[in-house]
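Enquirer: Sequence:
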Amino acid sequence: LHVNGSAGVPRLLPNMVGPPGSAHAVRPWPTPEHARGAALRLAWERLPGLLGQLPGGMMGAGEFVFASLFGFSEDSFWLDSSSAPDRGRFSYMGGRGGRLWRRITYRLPAAEECAGMPAATHMPPRPGTVEQEDWRGEVTTTRTCFLPFLSELLERNRLCVSEAEVMQLPFNFWGGLVGYLGFELKAECGGRAAHVSPTPDAAFLLSDRVLAIDHLQGDVYVLSMFSGDGAGGDGEAEAHTWLDSTAVQLRGLIGAHGINASGDASNACEAAVPRGGSQHVAASAKDCPQPVKTAAGNGAAVAPKISSAEPFRLRHTRDQYMANIEVYRQALYDGESYEVRMHARCRTVVP
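Yeah, the sequence shown ends on 380 if you go by the numbering used here, and it's all consecutive.
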């Protein structure tokens with residue numbers, strides 16, 4: 030606690046981590062130990078000021094970019110920023126990717142396999158089932174516990190990035206695992222699997238191609254991880270091909286909606302746009318990738334169609350939701366609980 034001058038009123042330290050304090054600065058990463066012997070490399074490109082030229086502006090254009098490039102396609106993700114510039118400066122999104130991409134799900138062993146086990150035990154956990162789908166659509170299953178599997182997966186997919194590139198990337202997520210660990214994984218941590226989840230107990234996408242959106246500066250970063258050992262094709266060439274085609278799509282979204290960027294050409298293509306993994310430097314606007322030609326041949330890019338999914342419908346009305354909050358407040362006041370986590374369920378139908 031910090032005593033506030035002569036008033037003597039205690040208050041929380043103003044620089045504490047977590048609400049209502051401010052966040053720590055980004056820690057240096059990767060460490061030399063992490064990068065040593067790492068098999069993966071990173072190619073990337075920054076599109077300066079692009080966000081401010083799209084519908085929605087600095088905070089709202091993320092939705093437009095996601096819907097245009099990924100829509101409601103299967104295996105897409107969108108980690109959306111809540112606010113800028115403090116805790117929510119960056120948003121991340123992606124879909125099915127390149128040769129490193131995988132969809133990973135895990136289910137604990139069936140209940141009958143764990144019958145008779147005590148509520149808490151120091152016995153080794155029973156292995157469950159990991160299912161992996163790779164970029165070609167091939168599926169493999171493995172009987173193993175998830176946490177050791179996860180540790181080995183991270184060890185095999187370490188990323189080596191130069192110090193110069195680290196200084197040019199103001200965020201730490203450049204590709205990797207996106208997903209969740211379910212509550213019932215406590216069964217692998219000494220607890221008991223008291224419930225059976227209708228959904229996988231863990232699910233992740235290993236995303237090797239990512240868009241990062243800077244809501245403070247308005248920049249969009251296109252990043253692609255690839256194998257540096259040359260195994261399985263020319264990963265670096267494929268990575269840069271994807272960077273170029275995605276940059277074309279993103280820049281094309283400006284013309285597709287009649288937003289004239291010619292008044293600020295330096296934002297669309299600067300004289301020296303940082304790009305990782307190569308010595309590529311755009312000398313002038315004419316060197317920038319051009320929009321994709323339409324059937325009419327007019328050079329305007331057309332955004333992909335957005336799915337006609339039904340809007341989400343909340344389980345409770347606003348009045349019901351607010352009434353629930355009052356019930357939980359009363360329970361806290363009465364000492365029935367010291368913490369309540371309230372969830373709101375919503376549903377939609379995706380065609």
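It is possible that part of the hints are untrue.
Computed beta-carbon distance windows for the label pairs [to be verified]:
no., residue 1, residue 2, range
1, Ala-360, Ser-105, 34 to 42 Å
2, Glu-103, Ser-274, 16 to 24 Å
3, Glu-368, Ala-64, 33 to 41 Å
4, His-345, Pro-199, 15 to 23 Å
5, Tyr-357, Ala-193, 46 to 54 Å
6, Tyr-209, Ser-274, 29 to 37 Å
7, Leu-343, Asp-258, 46 to 54 Å
8, Glu-160, Ser-105, 42 to 50 Å
9, Asp-273, Tyr-357, 24 to 32 Å
10, His-372, Cys-218, 20 to 28 Å
11, His-345, Arg-221, 15 to 23 Å
These are calculated hints, taken from the structure and not from any lab test.
Virtual Cβ for every residue (Gly too), placed ideally from N, Cα, C.
Enquirer: Evaluate each hint against the coordinates.
Expert: These are the hints, each one checked on the structure:
1. Ala-360 to Ser-105: 34 to 42 Å: holds, 38 Å
2. Glu-103 to Ser-274: 16 to 24 Å: Distance hint for Glu-103, Ser-274 holds at roughly 20 Å.
3. Glu-368 to Ala-64: 33 to 41 Å: For Ala-64 against Glu-368, whose Cβ atoms are near 40 Å apart, the range 33 to 41 Å holds.
4. His-345 to Pro-199: 15 to 23 Å: violated, 39 Å
5. Tyr-357 to Ala-193: 46 to 54 Å: For Ala-193 against Tyr-357, whose Cβ atoms are near 51 Å apart, the range 46 to 54 Å holds.
6. Tyr-209 to Ser-274: 29 to 37 Å: holds, 30 Å
7. Leu-343 to Asp-258: 46 to 54 Å: Hint holds: Cβ distance 49 Å, inside 46 to 54 Å.
8. Glu-160 to Ser-105: 42 to 50 Å: violated, 19 Å
9. Asp-273 to Tyr-357: 24 to 32 Å: violated, 52 Å
10. His-372 to Cys-218: 20 to 28 Å: Holds, since His-372 and Cys-218 (Cβ atoms, about 23 Å apart) stay within the stated range.
11. His-345 to Arg-221: 15 to 23 Å: violated, 32 Å
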